[in-house]
Amino acid sequence: MAEIALRNLTIDFSGFKAVDDVSLTVKNGEFVVYLGPSGCGKTTTLRCIAGLVKATSGDVLFDGQRVNELSASQRNIAMVFQFVSLYPHLRIRENIVFPLKARGVAASEIRRKLDWVTDVFKLGDELDRYPSALPPGARQKVALARAVIRDPAVLLLDEPLSAIDEQFREEMRWELGHLQRQLGVTTIYVTHDQREAMSLADRIVLMNDGRIVQVSEPDRIFFDPVDVFAGQFIGSPSMNLIDLAPADGGLRLGDSGVTLTASDDGIPGWALSSSRPLKLGVRPLNVHLVDEGEPGVPLAVDDVFSVGRERFFSFRIGDAVCQGVDKRRAPGAPGRVHFAPEGLLFFDAATGRRVRAGDAA
Amino acid sequence: MTAISHERRQAELRKRSSGRLMIFGFLSPTLAILLFMVAYPIFSLVYYSFFNFSALRQGAMKPMGLKNYKFLLSDPELWERFVFTGKFVFICVALQMLIGIFVGYQLHKNFRGRDLVFTLLMMPMMLSPIVVGFLWRYMLNSEWGIVNFLLHSVGLPKVDWLGQTNAALWAAAAADTWMWTPFIVLLATAAFRGIPETIHEAAEVDGASPAYKFFRITLPMSAPVLFIALILRLIDSFKQYDLFVALTGGGPGSSTETVSFSVAKTAFSYFYTGEASALAVILLVIIIGLSMILVRHLQKMSERY
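Heads up: the protein sequence lines correspond to chains A and B, in order.
Just so we're aligned, residue 1 is where the first sequence starts under my numbering, counting upward by one.
Just so we're aligned, residue 1 is where the second sequence starts under my numbering, counting upward by one.
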């Protein structure tokens, strides 16, 4: 187990900066999830920590020791890959003990460790089978067993659950989280699935275009995004983003002609007096369609649809389709749209950065 | 209405086309060719092997029973041919597999000019063995061949390459290796490249040294393909005939005649057609036996994956 630190890490693939000046410290025993869209540099970062990709500049440190020059086989790391990486010509038993044999560990020690992981992962019945005889979920379990048998400095997981069936994935996710806490191994996990990230991470590292957008606990990244990208990437359905324009004592929503005011809709004073153009970010769970007569603004409802027990509605402001929760007592009744004041987030229209009470000039 | 009749017609067509007659109809051209080109010659080969028969005198065919076989198998000269062929096969296959796997491993990664290297490597394979034989015969000529010229120029004595049995054996093996190693290189490279990159990365992360990775991952995972290459080379070098015709002419004496060479000589120099047929049958049985052992092994290996 080790503390992993990245210092100004940049990885350049002949002109394309896959990772751009990233710094981060992963504490000993911490479970950190790299989250981001395809091509954001999260997997490249992971592969660089593993030693499979060379850093163009910057350092990778294990417990303060620079490991840039060490090859993957010298770093004492463990990695589970997205797609099957078990050795097809070896039985499960041989697959699991491969890292120990490759390092020349004594036979008695190998036997002891094998007994231990077999017990932890309940693989007793599979040991003498070949990988092709196992379903994908069980194969990833074996890959995980092979990863932890060596007491790695860090456990690297590259979308390990994405090739597994939906129903089995939930179970594996739970087991993985449980196992990580039990072993206390420093873990870095890469995924594009925010639900995986939210449920597993001690901290989430949100990446986009090779840069770190935000590093924070799962809750905070949801409720307190630093910019439009973070706000819209996290949460499903995605956060509504509406243009705001100053208009007689309030802020007008795009081209709708509807104005939110401080008194009726809880728009903070600093936002009203902001000198720069703002955008309003508000999650669908904070937009309610309420019955006529309750506080809210008149906006034309586009569509109403049910997802399980909840009813959602959509409305248009300009080109943007926005969503909210339908809270009317009777579906189909006329209603008004209410924006919950605690859910209103403001972003700089030009830069996309979050604007808070303090920094409104 | 039309939809229904269309469906009915489809069903009828399907029924008709699934008949045994239909299947046989499609297979029959291939079967006919196979029958004519393979079954008939094999049948007549086995048939002639039981007769004292010469193709020059078609009329006189005397049934011999197993006497042709008895005579051949008790002929010490023939055993020498088998020993010589065995030596040649062993040297060729060993050299070609070792060099082929080694070179294939060096070439399996992408590099500039890879296609050019492979095109050049394939050249010897495209030549006829007769051509290769003569090419090497000229190079190995004891008086004016380039090999002895080079030996002489660095002060080493000239060697009579094709005039001594052992030297000629190695010379022939060298020619065969020169010609066929690229084939192993090609298959080995393809096999090595067929291993997913993730497997290599997993092995590296698992702490395997390059040598450990090669012997525990790369080689075993390529084994099925390499086995096919081995079978093909084994069978092919066992049948080697034309290379020797051009390179040594079977000499000195008849010491560099392979079994196939003996078959040809018996059949077309002495015209002992019956005896030659019997020898060809023996050769065929050995080759089928060889392939069966290896094919079995191959099947067992492929079941694992």
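By construction, these hints were calculated from the structure, which means they are not laboratory data.
No residue lacks a Cβ here, since even glycine has one placed at the ideal position from N, Cα and C.
One thing to keep in mind: the hints can contain errors.
[Said to hold, decoys possible] Here are some chain B residues the structure puts well away from chain A; computed CB gaps all over 12 Å:
1) Ile199
2) Tyr212
3) Lys213
4) Met221
[Unchecked claim] If we take Cβ atoms under 8 Å as the criterion, some of the chain B residues that face chain A in the derived model are:
5) Ala11
6) Glu12
7) Pro63
8) Ser74
9) Asp75
10) Thr198
11) Gly207
12) Ile217
Here's how the hints hold up against the structure:
no. : hint   : result
1   : Ile199 : violated, 6 Å
2   : Tyr212 : violated, 5 Å
3   : Lys213 : violated, 8 Å
4   : Met221 : violated, 5 Å
5   : Ala11  : violated, 37 Å
6   : Glu12  : violated, 41 Å
7   : Pro63  : violated, 54 Å
8   : Ser74  : violated, 46 Å
9   : Asp75  : violated, 46 Å
10  : Thr198 : holds, 4 Å
11  : Gly207 : holds, 5 Å
12  : Ile217 : holds, 6 Å
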